[in-house]
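2 protein chains.
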Amino acid sequence: MAKQYMDMDTLKYLLYDVHDFEKVLSKERFADYDREAVDMFLDAVKDFSDKELYPTFMEMDETPAHFKDGQIHTHPVVGTVMKQGGELGLIAAAFSAEDGGLQMPHTAMTAAYYIMDAANNHLPGYLGLTQGAAELIVEFGSDALKEKYTPKMLTGEWAGTMCLTEPQAGSSLSDIVTTAYPQEDGSYKLKGQKIFISGGDHQHVDNVIHLVLARIEGAPAGTKGISLFVVPKNRIQDDGSLLENDVVTAGDYQKMGQKGYCTTHLMFGEQDDCQGWLVGEPNLGLKYMFLMMNGARIAVGRGAAAVCMAAYQASLAYAKERPQGRRVRNDGKKDVHEEPTLIINHPDVRRMLLLQKSISEGSLSLVALTALYHDLLHTTEDPEEKEKYHLLLELLTPICKTYPSEDGMRSISNGVQVLGGYGFCSEYILQQYYRDIRIFSIYEGTTGIQSLDLLGRKVAMKGGKAVMLLGNEIMQTIKEASAHEDLKGYAAKLGDRLKNAQEVLGHLSQFAMKGEFERYISDASIFMEYFSKIVVGWLWLQMASRAKQALLTGDGQYSTEFYESKVHTMKVYFKYELSRTASLADILMDADVLTIPDEEKVFA
Amino acid sequence: MAKQYMDMDTLKYLLYDVHDFEKVLSKERFADYDREAVDMFLDAVKDFSDKELYPTFMEMDETPAHFKDGQIHTHPVVGTVMKQGGELGLIAAAFSAEDGGLQMPHTAMTAAYYIMDAANNHLPGYLGLTQGAAELIVEFGSDALKEKYTPKMLTGEWAGTMCLTEPQAGSSLSDIVTTAYPQEDGSYKLKGQKIFISGGDHQHVDNVIHLVLARIEGAPAGTKGISLFVVPKNRIQDDGSLLENDVVTAGDYQKMGQKGYCTTHLMFGEQDDCQGWLVGEPNLGLKYMFLMMNGARIAVGRGAAAVCMAAYQASLAYAKERPQGRRVRNDGKKDVHEEPTLIINHPDVRRMLLLQKSISEGSLSLVALTALYHDLLHTTEDPEEKEKYHLLLELLTPICKTYPSEDGMRSISNGVQVLGGYGFCSEYILQQYYRDIRIFSIYEGTTGIQSLDLLGRKVAMKGGKAVMLLGNEIMQTIKEASAHEDLKGYAAKLGDRLKNAQEVLGHLSQFAMKGEFERYISDASIFMEYFSKIVVGWLWLQMASRAKQALLTGDGQYSTEFYESKVHTMKVYFKYELSRTASLADILMDADVLTIPDEEKVFA
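Taken in sequence, the protein lines are chains A and B. Each residue of the first sequence is one higher than the one before, starting from 1 at the first, in this note's numbering. Each residue of the second sequence is one higher than the one before, starting from 1 at the first, in this note's numbering.
Just chain A, same shape as in the assembly (with noise of 0.2 Å):
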């Protein structure tokens, strides 16, 4: 059996308890669906899990996907799971029952790919790139794109791919020069390289369809100019056949952690032999590759709050079970003739495990509000919901990327702390979630870029609805949560920092409207930190006044146990984190301009 490395009764009682996930699962597109057929697939992927993910996830970090003779190995391990992946439905499930798809909510995808990730972040990439690459052809391709290739795909028979980054292009995708030559035929012909193409290439499925950023020859300049292709691995002929397409693997790139997700630099056309297919409209092929990147920053974040959590459930573990040292009683002193305790019951040890705690289910709770978003913003047809909607999800995707990313960093630190010299040996597996969780805040955009998109856009937009809204939401649950007493002075301080963050966001403005841009940007990634820690603030403080409603009445189905370390955890985060935005805010009001370049040589 598995060892524990999620909690499937916290992630239930968030979808359910604390999202109300049911007035999803009521949406016409849900209709075949119901909280009992929901569980039984989340325990379908958990068993799954159990069996084929977790118990490979310390393997694949040990024989890294690598590059060889022409081609990329990786783990076998790859193959079972696009293949057993695909009969369960993991890359199917959220498509319209007309493409081929099973029309599961966003929620529920999102929920069994959290819990993939917890068992092995290495490996739900390769079904997931697979589903976002199909998705883009279903969306925007024509019948004919669709039919040819996303059956395949849909059944994890052929693997999907995103081709953005380009060598000189990095984050700037403007900058981007590879090049599709039209054909008489309508096809074109394509030629460039693409690098950090993850799941780019390996020996488990017979082709691979990528999903291709590039120029049409003579189109305009910067991210207008950008088109989409469909670019397969291996040509598909009349009969059904694949004959090579052009497309090289040229190397891969070895990383310090998600050793087991091959990472890949591929050439196209080298031999002007690469044909592509243009998706949707010339020049739209960024704007349509946003379109879906709210889904692929989302499913970042599910990605390193599920790290995240695993590592905390392992150094839980760990610290239920190793003794060592005395608890300092009152007068300072130790007694050494006592049996040593077991390190949870040292203050230090038991304030890093909560840590970890609050961030992994605050994560947790981001995540999941922010995928029941997506649902519900797709299946109104009211307006009025449609921008609520539009607006919170365009607003906490950034947040949902980053928090899980940046402070899960933190939280396994935490845990490898725990552990102390065990932490930092390979026997261990903290050392790997510490090494596997660090891509998580450079991939999709970096939290630089997730940060400029927060506060140079998102809380810019429809002049500041979504923050707006975001407060409404806040405040609805201030007042739910201030119905019961003790709860009163945390629901009192999140009102404080509620209107502090106005203060703030009141504070930068002025330099967005003196047209000091590039002042008003320059600490963005101070106020994401500030910002985050607030939103889950206010998670935490939704989670705590729930489970305290539970108490009273006495009908939940969870233990009193549970309820109560909800509310505990709440006020660990309280304490420990959301304190933290105080000073945050003091530097995001500081009158000292430090970043912005100018001619000093600031690091003579």
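Honestly, the hints are just simulated from the structure, not real lab data. The reader is advised that the hints may include incorrect statements.
Mimicking PhoX-like on lysine-lysine, the simulated pairs with C-alpha atoms at most 25 Å apart in a straight line are [claimed, not checked]:
#, chain 1, residue 1, chain 2, residue 2
1, B, 462, B, 224
2, B, 334, A, 287
3, A, 488, B, 601
4, B, 388, B, 287
5, A, 334, B, 224
6, A, 334, B, 287
7, B, 465, A, 333
8, A, 320, A, 334
9, A, 514, B, 334
Remember, predicted model here, so these are calculated numbers, not experimental data.
Position chain B against the provided structure of chain A, taking the given hints into account.
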């Protein structure tokens, strides 16, 4: 030529201009040294590090030290370093002339090892532990032991180790069970196991001299029954030949970082033939070890500060060469026809680099000052001065060990982020620094242990006199800085933080006085985070103030840009780091008690 991995100018500026190292050099003990002599020594160490240490840094990570056929195999450079390091005096230099040393100041040795650590942190430990082991023999051992073991240790022909940790005991040294059985000839037979022994065995020396903590049969329980023994890997026969001493290497620990520095598991006396010799008096072993512990802890802080600096230099070099994206214009738009800018010109990247600079150089200043206090303590005869430097050294040591280790991790994580996806890739060096630095907060007493030491012992020493003395030093700097008009605001800010620290300590000490000692120390790690940030704020104000002075008088030996960058980085530290202490004070004053074990199942 080696890449830039540290900054000699800043090192020398801190030693001579900021911390007045010449005051130490003027002491009689160091009569053979002046600035020129020390600089020549440091330059020679830099040259040695450029040629031997830095070039093997990534190699040592790729080919870890490992256990095979009953023995540890390390990179060949370990042999070079023992030999050439011995010749350079890197083991012997700090010893008194009468003990075969060069009577060099501890501060100069610290600077020398800092350079080596920055070049390749896997190597200096082999020399440093040999020095430490020899120091224990010289300080506390008989003349016979001294004569027998130290000459070959000081030349690097033999290595030395410290054997403290045992499998069941970990940080809790009172629980060690390795036993020493008295023999008729006055020696002892040792029996027991030691784990996590750094540099415990390798093929490049003829002998390894272990300094082992063990209990003489029948000794009292706890720390009061621990004695110190010299236990060589090979016994020295009367004719000088070596005979195996039943010290067996049972295995090693593979780790996520510092892979070239072997970590071993040793078994003493499995064949009942392991002979050891008592150092000093019975049952005083832990006391002897702890008299050496300040030095060892300064060494860990030094290593962390150096790795942090090397990572800063690497990410700075990258940011100065890598073009990507465009500066945000003040209308919030970008011009895609502009050439991409270097990433150092993006405020967020610049902020991350300046944060690294502020933590790296602040850490170095802290390490240099702590080493200096060590020298001042050991060279003064004046009882009042002796007490002063003793107390300041005791207070700063846990901070010196912890701040560079903890904030060094944050700093390097920012360095990884500067490189984006490349930061995660093995071909770039940042990921290695990220992995390597993770050990420093665990070595020689974890952050939790250091924090207990700081708040539980050091703060309370002699009725709080250490804190008072430090407060005087800080006030002195505040006064000095206030003389410069544009430093006044920063001086005032530091003054506020100092006052706040007194309030925090007043608040906490209530609990100690009420007999709630466990509560008093329960947030010791937060206190460490809080107090160390204030201490480093002091060191930055001092650095800026001396720079300002040099700019005014114009007679400094460094460039205007050099001094201006110190003032600028102080401002960065004050804005982005010192600010955070306000929230940390809130946490320390918070009324919620959440981490002291009670009956609640808070982890349910």
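Quick rundown of the hints versus the structure:
For a cut-off of 25 Å, the pair hint linking residue 462/B to residue 224/B stands: about 23 Å separates their Cα positions. Taking the CA atoms of residue 334/B and residue 287/A, the gap is about 17 Å. The hint holds against a cut of 25 Å. For the hint pairing residue 488/A with residue 601/B, the CA-to-CA distance comes to about 23 Å; that is within 25 Å, so the pair holds. Restraint check: the Cα-Cα separation between residue 388/B and residue 287/B comes to about 21 Å, which is no more than 25 Å; the hinted pair holds.
Restraint check for residue 334/A and residue 224/B: the C-alpha separation of about 13 Å stays at or below 25 Å, so the hint holds. A hinted pair counts as satisfied when its Cα atoms are at most 25 Å apart, and residue 334/A with residue 287/B qualifies at roughly 17 Å. With a C-alpha separation of about 22 Å, the suggested pair residue 465/B and residue 333/A falls inside the 25 Å cut-off, and the hint holds. Distance hint between residue 320/A and residue 334/A is fulfilled; the C-alpha atoms sit about 21 Å from each other, no more than 25 Å.
With a C-alpha separation of about 18 Å, the suggested pair residue 514/A and residue 334/B falls inside the 25 Å cut-off, and the hint holds.
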